[in-house]
Amino acid sequence: MSAASSRRTAFRLAPFAASAAAVLAGIVLLGSPGTLAFWSDQTASPNQTIDSAAGLSLLAAEPVVTSYAMNNANLVSSTVSSSTTGLIPGKLGQRITYTLTGGPTDGAQGYVNGQVTSSAKDAWGAVYTAGYLDAIATATGMCVINPTPTVSGDVLTWTLLPTQGKTMKPGPTVSERTCTITIDLSLPAVKNGVDVARVLASSRGTSTALKPVANFEVRAFTTQVPRSEER
Amino acid sequence: MTIHTKRLRGSKLTLLSAIAALAVVFAGMPAATTDASLTSAEVTKTGASGVGNWCSVPNPTAETNVYKVSEFPTLNAPEGSGATTAVQMIIVPVIDDASFAPVQSVTAAPNQVGIRLWSCSDLPAVNSTSLKMTSWRSTSYEPSRFVWGQPGTPTVGQFASARLQTNSNPISNAATNTGTVPATELRDLHRGYNFLGAAAGANPQPVTTRYSWLLDAGRTNTNTGADPVCSTSSCRVTPGTGVTVRAASPTTVATATNAYTAKSVTYLAETYGNGDATRCCTPTPSTVADVNGTSAANLLRSSTQTQWVVLEWWGTTPPAPDLMVEVFVG
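Line by line, the protein sequences are chains F and L. Residue numbering for the first sequence follows the working numbering, beginning at 1 and increasing consecutively. Residue numbering for the second sequence follows the working numbering, beginning at 1 and increasing consecutively.
Bound conformation, chain F alone:
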């Protein structure tokens, strides 16, 4: 009775011994260099031997700043613009356009991550802190931006939101791997009963150069889209 019982026990333990051996082998294999492949061009380590052309890349063109006529002209007959660029209350707005492009031969689809942040300059207090500046962020193409910025002191931050279907897709079609972010800035002629054009004119100073309001910096990178999320 006792010997038979012992034999059965040894027989049951054999598979566990085998699995423990396999686990140990796995530890050895997984722990050795070169077997854990992942791509990154942020760090240069000897085991990144995979061709970077098959990784992810992102290019940012120089931002383009343009002026656009504001559409509430009926409110602003009192303002005669002298500048053809720059913010003019009720008359001219500014649009900053950032173009991001993924690589045509990237190894995978990419989500656009990152944010746009403002950094205040001389006129920020007069136009933003005083409550006059309208700043609207939009994204078109293969990225999505949260239109509602977070505000921390003088810093506005709009966040890019990785979104299914809005991915940089490698290939010959540029529009499928291009993302355009715009920041539209404008000042109303009148806001909450305040004659903004005159209030700002008196604080504007006499310089003929544009008086800086803020810099808007986009920081972006792409992350691989899992196969299951590709659209």
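Errors might be hidden in some of the hints.
Selected chain F positions facing chain L (in silico; Cβ < 10 Å) [stated by the list, open to error]:
| hint | residue |
| --- | --- |
| 1 | L59 |
| 2 | E62 |
| 3 | V64 |
| 4 | P89 |
| 5 | Q94 |
| 6 | L100 |
| 7 | G110 |
| 8 | A189 |
| 9 | P212 |
By construction, these hints were calculated from the structure, which means they are not laboratory data. Every residue, glycine too, gets a C-beta built ideally from N, C-alpha and C.
For chain F, the structure is supplied; the task is to place chain L on it using the hints.
Same frame as chain F, now just chain L:
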């Protein structure tokens, strides 16, 4: 039995140690291996924004005592014998309330009525369009005869938003009485079509005692204080022929480029009569007395607390869209 039990316990321990070994393997695996993904390098670009240059005049949307001259309503003003002339006119009741505070500092006598023309535009080099702006002391109008146009009826603190309806009734040709329609009377006084009674011997002339000139013949942007002559207490002073937009408007000498301060020219009300029969011969600043808690209905009929300012342009070429007239109490 006891040994058997011990051996079974030993096999359970072996199983537990195998599970523990597996757990060690999973914990030891790098996260990147379990969720491998590619990441691109971060890119950074910065765009700059700035405030431009402009010239600005007060905006009527924000300042209720600023009126856009080119948007005065048109009326066909009678000129006798059935003839009419198209003019553009508004009539505003002026009291010493907050709505008539100057939009920016101005040099004037205390409570003196005045106007300020604002414009940034280079004005058209034509003299075919004229301006005339006058002010009249109120009188004991019948309260029911006031007819108000847009934007509304006067309330103290917001008198600048009130307009008399400058409708085109027949010319008034009688002294003020309970049947007088104020808008009609003021329109015709301003245009010189109704003197409301003749000169009365040595007494001050009724029209003259109510009349204050703001912008009329003789005054220009380079001679803002010209006054009509009236050498005796019984002389009659009535509005003249107006002045061209070009001559009256802010000078175009100031450069538009970087003209961050708007161009303006101020005309102050002067009068020969403050309701005082002894006044004559020397024009004095035309003022409105403090409101002193008087009701709007009573203010409108007060000869000392209310003046009616009549603003008019006529001609073939509308004034520049940014020509504004500000009416203020200093």
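Q | Numbers of the earlier hints that this structure fails to satisfy, in rising order | A | none
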